[in-house]
Amino acid sequence: MFAFIIRRFLFAIPIALAVAAVCFSLVHLAPGDPLTAVIPADAPAEVVIAIKEAYGMDRPLIVQFGSWIQRAVQGDLGVSVATGRPVMGDIGLALSNTLTLAFASAFIGFSGGILLGALAAFYNGTWVDKVATAVAITGVSIPHYWLGLLLVIIFSVQLDWLPSMGAGPGGSSNWRWDWAHLQHLVLPAVTMCFIPMGIVTRTVRATVSEILNSEFVVALQARGLRASRITLHVAKNAAPTVLSVMGLQFGYLLGGSILVETVFSWPGTGYLLNTAIFQRDIPLLQGIILVLAMFFVALNLLVDVLQTLMDPRIKRG
Amino acid sequence: MNSTTQNLSAQAFATAAETAAISRGYWATVWMRLKRDKVSVACALVLLSLVLMAVFAPLLAPYDPAQGTMLKRLSAIGTTGHWLGTDELGRDMLSRLMYGGQMSLLMGLLPVFIAFLIGTSLGLVAGFFGGWWNTLIMRTTDVFFAFPAVLLAIAISGALGAGFVNAILSLTLVFIPPIARVAESVTTSVRNLDFVDAARASGANSFTIIRVHVLGNVLGPVFIYATSLVSVCMILAAGLSFLGLGVKPPVAEWGLMLNTLRQSIYVQPWISVLPGLMIFITSLCFNLLSDGLRGAMDIKR
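Chains as they are written, first to last, in the numbering used here: chain A, 1 to 317; chain B, 1 to 301.
Since the hints were made in silico from the structure, they are not lab data.
Bear in mind the structure is a predicted one, so any value in this text is a computation, not a measurement.
C-beta atoms are modelled at their ideal positions from N, C-alpha and C, and glycine is treated no differently.
Mixed in with the good hints, there may be bad ones.
[Claimed, not checked] Partial chain A-side listing against chain B, Cβ under 10 Å, derived:
1) 11
2) 158
3) 257
4) 289
This is chain B alone, in the form it adopts within the complex (with noise of 0.2 Å):
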């Protein structure tokens, strides 16, 4: 603010230059100390190197993922030419593990970035509005949270049927109540702050005090919860699969495979738990990074 820099002394100002020369911006500080973390670079590079396989499986692939031949059912692990075994139909498993990770990936991730999108956008609209609409909103929001979530899940994909795009929009309606509520908490909060009331004064309209003042404020938090949520989505969206919710056969995708492999578990019990374990490592490494944005992002600390 402009007076507050002319109230400065000129020993003061000098200071104040010199800390803001040597320090980075908010976000330059976050990515700095995220690099320190151990812990979060190798999750990140886990992660990077999961969805290179799946964008790239194509290429990487050794063998057609539909493609099975009946002779070779349920191979072994370790066996030669397919390393990591065949499944029930005489499938490569590496191939299968690599497709998979395509429509694995994408359900984990899609559901909770439109969430994210809209229930940010709801979030800001009550708390910064407040009255009616917030009342509107949020009551609506305590409806959802009556429901446990796989349930609210599991009910909707259930009367909507199976498929690739019902399984998306029922996981989407389950993420959108809990980002919409944080998002209205931490506007609200924003809201009553003085710089809201300084632009308001100077004339801005509610559109503009949202887009420069509260957006920057509120995506902070609200992304580092989103981040959080994409893990619990993940295991969600396979396990609608898992129940044959999700998408069909021949697709692969990790939760479908683990439910086929479930009948030769008496035959070939390692194979069946693959596609499990890479939903684990996803998931597993999705929470780290999450939980070391949101210590990179406490600036406080």
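Only chain A is shown next, with the shape it has when bound in the complex (with noise of 0.2 Å):
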């Protein structure tokens, strides 16, 4: 088990090496030169070599890489094109913004997805089960920026119970846990919740239906367990499923905020992922796409690990 950890380990490295490429080639994607947003149109030749000499984009590809890893690595991930300001710092406040929404959104999605899932095959055929595929089919069908707006309209413009932009009062965007920021959190992460509690809905219903028609729980109800002893048994050996799922699903919460951080003006690496991508900020648009790939990197390592140590059967080559 610990070579398998060990090994898993291992291979995350490269895997990281080469997120990192797909990240730093982003730049050679896109159409023009990267430096176009600071370099005045009518800039004499001198002047332009000499900024692109400043930003290092005058060496070769392959040591532009290396040393954009290797500061990378150190926290230093260049400069923003449009503001000026080192990127990881503005990367840092937004990602802890993203935190807390994502935080809040599995929150709530993962324990009414549990909550669901396993009473939709507890009482299999039955209306609760008609709901939770409802809910499940709905979560993975909605639009979740469409329901963000559904949102607003409903409780912000028309019943004016809740704010709808921004992640404190006057658009603040430092978050503190108190009663005036969390109003504020309330809409996104309602409106994030449902893609994730649609598929742990899912899942947690057909793993907790297959366990509860294996043979080993047939013969603890023969022993005469009580239901409740019966279902902390369903609920170890669905355990390992599950956690995968909901490591995957935190890991899209993350990367998949941007919509959602778009329509609420949320302060976080989505909303600035947008501010980078339409001010052509090449180095702030890599740094947050490394730093949010990296995140998924690093939780799908961890959710392998925790579900060998959770369940020792499983043994990968």
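Take each chain as given, in its own frame, and dock them per the hints.
In structure tokens form, the structure reads like this:
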């Protein structure tokens, strides 16, 4: 088992490097010069060369990549072309806001999904099961940015119950755990929770009903175990599968928040990414995608390791 | 197989022939099961009418989707002459929703279709030839799996810039790895079956084996998987347009309409809901139909 964990860690290194290479090469996907945003159109040739030198863009690609990685590992992702500020500081602030939102939605979505899915499996074929199936299919079919808009129309425009913009009063971007800020969290968190809720519901329902039909559960029932004890056994067996799905979904919440963050002007990584794209701020774009992708790689690693620890039967080559 | 038939006794042969007579072919069975499923039929009909609506929009739409009157900006749903109201430039919403279907459906289907062709080919090669090919193809897909799909689509689109072709390109790239992975795992399991060895022993070359014996077994599961991606692709494609990374105005597209109408939620909130409702209905129908198809193709059930 420990051999597997070590192997899994080692396997993450080339993946992380390749991910970094993809992020780096995004610059060269972009049409035109990545420095068009800073170089004035009528700049003389020597100024252009000077700027390129300042940004290190005159060196061969592989050298640029090497030094980019070297600096990224030390936490330096370069300087924003648009604002002139270090990219890392802006991303750090935005990431904490995105994490707040992701944790809130994950909490609602996962607990709702586990509850619904388990109930649906225990009461197979009843109305609970039908509700769970409906939630599962709606969760994966609904365009979440539209759901966000719908919630804004109902709860902000029509009823005027909840704010629809920013992460705090007056468009503040500094999150704090108080009532005024929490009100701002409600709508985006509810909007984002539907996808994970749908998928977790579906997974839990399938996994639990499969376990409930297995022989050992019948044996436990035959031995006269109380329902609560049997539930414990079922939960223990369902946990690895459900955990891996939840880990993946949490990663999607981090990486997929851009649309919802745009709807609610939530000052997170998605909102920042949107800004970076439209200002053609390549260092910022690269930085955000690198940080989010690394989070995702780390999350996958964590899920795999946890899964192995929880279920030693899992042996992988 | 010849030898098997010869070994059968006359009795068994008669029974087998009888079963063959009443049993339909695989696809006929799937079709029959699908027809019995009310939800699938309803979804298929809704999708069919949406496609017809989009294709025949030039004949059906009461107004020009690009022509508006500033005097009639944002009229409410139910206004005489504009039953679904008008948008922020006074263009008829019903006409725009009809025309919008062309782009939105195309952007939902085309990337998955291209990715299906490329992904299946890659998966077949990786799964069938194994070894070095497998390592090269599957480790490359691993890298793409290290990105959340939405992030990858937006990152590529963002780097390439807005536009229809770029959006299709980025979405296709996002869907190739998952399809290739499914195709690879199915191919690997089929490759080790006896009939493949039998075909090789009778002198068939790799291409013939893939074409005759493997492809038919791989296409089904991969096709089901691809149909389940269509709704994701619809939502993502409209999402790109919603961010301003898809088609450009004044083209009618549901995601883009949602984006431009977002500014009007304080004036005519329910009009801005319409394009999203279309995306939702379409993606819901694709999902339900894909589920129905999965059920119908699962012969073991």
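message: Tell me if the interface restraint on residue 289 (chain A) is satisfied: Cβ within less than 10 Å of some Cβ in chain B.
response: Holds, about 5 Å.
message: Let's test the interface hint: is any C-beta of chain B closer than 10 Å to that of residue 11 (chain A)?
response: It holds, given that the least Cβ distance between residue 11 (chain A) and chain B is near 9 Å, below 10 Å.
message: Does the closest beta carbon of chain B sit nearer than 10 Å to the beta carbon of residue 158 (chain A)?
response: Constraint on residue 158 (chain A) satisfied, holds at 7 Å.
message: Does the closest beta carbon of chain B sit nearer than 10 Å to the beta carbon of residue 257 (chain A)?
response: holds (9 Å)
Hint violations for this structure: none, all hints satisfied.
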